Amino acid sequence: MLHSLLTISMLFVSCTIQMFSEIKLTIRQTQILDFLFEFQLKERMAPTYREIADHFGFKSTKAAADHVSALEKKGYLRRHGGRSRGIDLITLTRQSDQKVIGVPILGDIPAGTPEQIIEKQNGTFAVDVKLIGNIGHHRLFALQVRGDSMVGRGIHAGDWVIADADAVPHENNLVVALIDGENTLKTLARKERRYYLKAENPDYNDWIPVTELIIQGIVKIAIRQIY
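Per my numbering, residue 26 is the first one in the sequence shown, and the count goes up by one each step.
The hints are simulated quantities; they were obtained by calculation from the structure and are not laboratory data. A quick note: this is a predicted structure, and the numbers were derived from the prediction, not measured. Be aware that one or more of the hints could be misleading.
[Claimed, not checked] Derived DEER-like restraints, expressed as beta-carbon distance ranges:
#1 Arg75 to Ile52: 41 to 47 Å
#2 Val154 to Thr86: 27 to 33 Å
#3 Glu207 to Ala88: 46 to 52 Å
#4 Gln56 to Ile248: 24 to 30 Å
#5 Ile248 to Glu196: 22 to 28 Å
Glycine is no exception: its CB is placed at the ideal position from the N, C-alpha and C atoms.
The whole structure should be built from the sequences, with the hints applied where relevant.
What follows is the structure in structure tokens.
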């Protein structure tokens, strides 16, 4: 079995889809929640209180902050003090019943030579659940790609990957991996009975583990932002 040969990392932040249909929102709260959703999908970051106030014609940012505070109390988002864009969507159901999940952003990942990844949550990435399928209670995380070693699989520098920390890895999966103490994004491959990481660019070498190969996540989808 593959998972008997690889150590499966359980280091990432838990992210569970929840439904909040039993928690009623005011019309204005619903409008603001939809605005937060649309803004983050378009800009890949949360709006400031000033941007919320300007959009809805509030005279002060306090009105925007009060509405956001109410949404936090009802479990739709999390605020981080001291950050101008410190609003993280958790999970929400829009009026169209479209389910969206807030996936923790844990920095970036080299698609080149392996290096250590800094595991630090930095906001959330709004993803339509329809894009990732049924994940149950699996933990997801988002990383931005650096480097061009995976262009053969259509993954380019600047793309975002959404990975599942709890999925069982299989050969040919695109994986976030720790190889001999360093992180990288590669294809999981096998030669005879030995697993290694395969680059999808002839300019890069494959990586054969010397001491360890830890699969930290299986990539579910890649997202490219078009400017």
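Structure-based check of each hint:
For Arg75 paired with Ile52, a C-beta distance near 22 Å fails the hint of 41 to 47 Å. A beta carbon spacing of about 32 Å between Val154 and Thr86 agrees with the range 27 to 33 Å that was offered as a hint. Look at Glu207 against Ala88: about 48 Å separates their beta carbons, and that is inside 46 to 52 Å. Checking the proposed 24 to 30 Å range against Gln56 and Ile248 shows it holds: the Cβ atoms sit about 26 Å from each other.
Hint check: Ile248 to Glu196, Cβ distance near 24 Å, so the stated range 22 to 28 Å holds.
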